[in-house]
Amino acid sequence: MATSFTTSARLVAEREVRSFVRMKGTWVGLAVILVVLFASAVLPRVLSDDPDEVAAVGAAASRVLDGTGLDVREVGSVAAAERLVRDDKVEAAVVPGDPPSGVRVIALDDPPTDIVAALATAPPVDLLERSSVTSNERQLVIQVFAFMFLLFAAGGAAIAQSTVIEKQTRIVEILVSTIPIRALLTGKIVGHAVLTLAQVAVIAVAAPIALTVGGHRDLLSVVAPALGWFVPFMCLGFVLLASIWAVAGSLVSRQEDLGSSTGLVMLLILGPYFAVVFFAEDPTAMSVLSYVPFSAAVAMPVRLFAGEAHLWEPLVALGLLGGTLVLIVLLASRLYAGSLMQTGARVKLRNAWARQSASPSAQVRT
Amino acid sequence: MLKVSTISRSFGDRRVVDGVSFDVRPGRMTGFLGANGSGKTTTMRIILGVLEPHGGSVTWRGAPVTQSVRQRFGYMPEERGLYPKMKVAEQVTWLGQLHGLSHEKASANTALLLAQLELDDRAGDRLEALSLGNQQRVQVAAALVHDPDLLILDEPFSGLDPLAIDTVLGVLRERATAGVPVLFSSHQLAVVERLCDDLVIISEGVIKASGGREELRAQHGSARFELVVDSDAGWLRDHPGVRVVDLDGPRAVFDLVNGGRADQQVLAAALDRGGVRRFGPLLPTLDEIFKEVV
Numbered sequence: 009m010a011t012s013f014t015t016s017a018r019l020v021a022e023r024e025v026r027s028f029v030r031m032k033g034t035w036v037g038l039a040v041i042l043v044v045l046f047a048s049a050v051l052p053r054v055l056s057d058d059p060d061e062v063a064a065v066g067a068a069a070s071r072v073l074d075g076t077g078l079d080v081r082e083v084g085s086v087a088a089a090e091r092l093v094r095d096d097k098v099e100a101a102v103v104p105g106d107p108p109s110g111v112r113v114i115a116l117d118d119p120p121t122d123i124v125a126a127l128a129t130a131p132p133v134d135l136l137e138r139s140s141v142t143s144n145e146r147q148l149v150i151q152v153f154a155f156m157f158l159l160f161a162a163g164g165a166a167i168a169q170s171t172v173i174e175k176q177t178r179i180v181e182i183l184v185s186t187i188p189i190r191a192l193l194t195g196k197i198v199g200h201a202v203l204t205l206a207q208v209a210v211i212a213v214a215a216p217i218a219l220t221v222g223g224h225r226d227l228l229s230v231v232a233p234a235l236g237w238f239v240p241f242m243c244l245g246f247v248l249l250a251s252i253w254a255v256a257g258s259l260v261s262r263q264e265d266l267g268s269s270t271g272l273v274m275l276l277i278l279g280p281y282f283a284v285v286f287f288a289e290d291p292t293a294m295s296v297l298s299y300v301p302f303s304a305a306v307a308m309p310v311r312l313f314a315g316e317a318h319l320w321e322p323l324v325a326l327g328l329l330g331g332t333l334v335l336i337v338l339l340a341s342r343l344y345a346g347s348l349m350q351t352g353a354r355v356k357l358r359n360a361w362a363r364q365s366a367s368p369s370a371q372v373r374t
Numbered sequence: 002m003l004k005v006s007t008i009s010r011s012f013g014d015r016r017v018v019d020g021v022s023f024d025v026r027p028g029r030m031t032g033f034l035g036a037n038g039s040g041k042t043t044t045m046r047i048i049l050g051v052l053e054p055h056g057g058s059v060t061w062r063g064a065p066v067t068q069s070v071r072q073r074f075g076y077m078p079e080e081r082g083l084y085p086k087m088k089v090a091e092q093v094t095w096l097g098q099l100h101g102l103s104h105e106k107a108s109a110n111t112a113l114l115l116a117q118l119e120l121d122d123r124a125g126d127r128l129e130a131l132s133l134g135n136q137q138r139v140q141v142a143a144a145l146v147h148d149p150d151l152l153i154l155d156e157p158f159s160g161l162d163p164l165a166i167d168t169v170l171g172v173l174r175e176r177a178t179a180g181v182p183v184l185f186s187s188h189q190l191a192v193v194e195r196l197c198d199d200l201v202i203i204s205e206g207v208i209k210a211s212g213g214r215e216e217l218r219a220q221h222g223s224a225r226f227e228l229v230v231d232s233d234a235g236w237l238r239d240h241p242g243v244r245v246v247d248l249d250g251p252r253a254v255f256d257l258v259n260g261g262r263a264d265q266q267v268l269a270a271a272l273d274r275g276g277v278r279r280f281g282p283l284l285p286t287l288d289e290i291f292k293e294v295v
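Taken in sequence, the protein lines are chains A and B.
Under this note's numbering, the first residue of the first sequence carries the number 9, and numbering increases by one thereafter.
Under this note's numbering, the first residue of the second sequence carries the number 2, and numbering increases by one thereafter.
Chain A extracted, bound-state conformation (with noise of 0.2 Å):
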């Protein structure tokens, strides 16, 4: 009984995965993102524990340090809280001055800023157009999306690695001439995209309990509604990139040249990657790149999180996006498949585009 497509693809993309789970480096990877993930969590605030302790003398500086959060010691003189600053064993002190105030700040070497900005009483304000997001959330968004879509689009370069193995070791031929090659690439991006959602699966168990230890629960509702646009555009980005990363593996032979062919692929990365990020604060910027299909699945999510998105918008990026993803596809399958059973020296994208009629330099061995 012969295999049908969907049986090959499957049994193709089942190899990678066990292949890749066993792999000592798939593990140390993931243990790293979460030991990252963890630490900046859950550090600051182990660091910073204990609130400022402040020297204070005389009663406008009892006064005006009263509803700060600061840890208040009081002392006698100017000259002893000046020693406990010296002894480090205060952040600052805060003693007699002239007014308005009517205290002034002794620190050791830097302008305590923290402590200055809680002893300031800020006027009140008033917007006139109050965004439902401040420009930090919106930061923060952008960070952790674009971060989080750099880590599994760079993920797809697996799939370059697994593809240039099965060619330098010849296993190719005996794959091309048992299933489909089409069945093949199927398998791969079905493989890895299987792996990379169970990872993102993992972070997304493992960052909500990160946030709560580390005391960032606020933080945590702030992400979590753009999450829900983040998936499918997410999803869509990285079968493009895949297929785009099969590609750069076809055209070496050797794991040794595989750098020559996927610096393109890591400028489509990283370009979008760089440029959601220096341009968040443009507005219309970001909406040129909610559109490009290598740079929507981080800016898209973060219009709508922002409220600066109509609701169709969404809907037509991805469309856009998943117009891109099928003739990327099929233009991938094409030279992914011209370029397969070439060895030899790299191929170039115009001999594997002509399929098979292979150039004397690169031919397969007669």
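It should be emphasised that the hints constitute simulated quantities derived from the structure, not laboratory data.
Model, not experiment: these values are computed from the prediction.
One thing to keep in mind: the hints can contain errors.
[As the list claims (entries may be wrong)] Simulated crosslink set (PhoX-like; lysine-lysine; CA at most 20 Å straight-line):
1. A:32 - B:88
2. B:292 - B:209
3. A:32 - B:86
4. B:88 - B:106
5. B:209 - B:4
[Claimed, not checked] Per label pair, the in silico range of CB-to-CB distance:
6. A:320 - B:148: 55 to 65 Å
7. B:20 - A:274: 44 to 54 Å
8. B:85 - A:202: 18 to 28 Å
9. B:69 - A:217: 42 to 52 Å
Quick reminder that beta carbons are idealized off the backbone N, C-alpha and C, glycines included.
Following the hints, position chain B against chain A.
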């Protein structure tokens, strides 16, 4: 039966395979002989659909070879390759499944084959941990795991020691006897001479000879005879209708001249002079045929 009909293939301006036709018959081991670069591998790749022919066709049991037909072929490429980090049994089983077997059937076949190829104790090892010779045996197992309808093996014996050749040969013979056509290429004439039933000789992309091994030898044999007598055979020099090619005491090798039929007269003359130990036509070795046609 596999029928290759006038297939051609060029790489750039170079025609590597030019109008190649031959058959691979059921139950026969067909040796595919040719020097390096003569077009053997290209021809095999075309049969397996790895390369497109620029002309001609390949049919299996009278119908064109499609993807699902090809899935029932067993192929051992010239450039060996399996996943280095995958375990031996797991890998062969997986390839069996890829060829359409259920997981149970594939692993049962794998166990059987690995035992036959004396690899059962390495089943759980990663492929890269095996010696090259043993990796080659795994490659044979990979080509056979799905009980293929047809076997195409590119240089299956290169890199094997004589004992391993016998092991692999035993496995291949068993398949051929069961009715599976086997096409294997080689540039080692001695090996092919010992193994094949049929022969296809290719040179510079063109088939120079093909057919049964013995037919070919008879076809390409000149009218050359060997005679071994009890005493000195020097008298043969003066016998009419023959030309002595080699004479060494009691042994003589001679050709019949002018298409004559003096062989029986020579035999009678030899018997008159005493005992005859050996007498018969000298068939050319493959080596001689090969050199003649190429």
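- Task: Would you mind confirming whether the straight-line C-alpha gap from residue 88 of chain B to residue 106 of chain B stays at or under 20 Å?
- Result: 18 Å, holds
- Has the hinted range 18 to 28 Å been met by the Cβ atoms of residue 85 of chain B and residue 202 of chain A? 23 Å Cβ-Cβ, so the 18 to 28 Å window holds.
- Message: Just to be careful, I want the Cα atoms of residue 32 of chain A and residue 88 of chain B compared with a cutoff of 20 Å; is the pair within it?
- Response: Holds, at roughly 16 Å.
- Query: Is the hinted range of 55 to 65 Å satisfied by the C-beta distance from residue 320 of chain A to residue 148 of chain B?
  - Reply: 57 Å, holds
- Could one say that the CB atoms of residue 20 of chain B and residue 274 of chain A fall in the range 44 to 54 Å? Holds, since residue 20 of chain B and residue 274 of chain A (Cβ atoms, about 48 Å apart) stay within the stated range.
- Quickly compare the C-alpha distance for residue 292 of chain B and residue 209 of chain B to 20 Å and report which way the hint goes. Answer holds: residue 292 of chain B to residue 209 of chain B is near 11 Å, not above 20 Å.
- Range hint compliance [Cβ, residue 69 of chain B to residue 217 of chain A, 42 to 52 Å]: 50 Å, holds
- Below or equal to 20 Å on CA atoms is what counts here, so check residue 209 of chain B against residue 4 of chain B. Status holds; Cα separation ~17 Å.
- Message: Run the distance test for residue 32 of chain A versus residue 86 of chain B: straight-line Cα separation, threshold 20 Å.
- Response: 12 Å, holds
Consistency note: the structure conflicts with none of the earlier hints.
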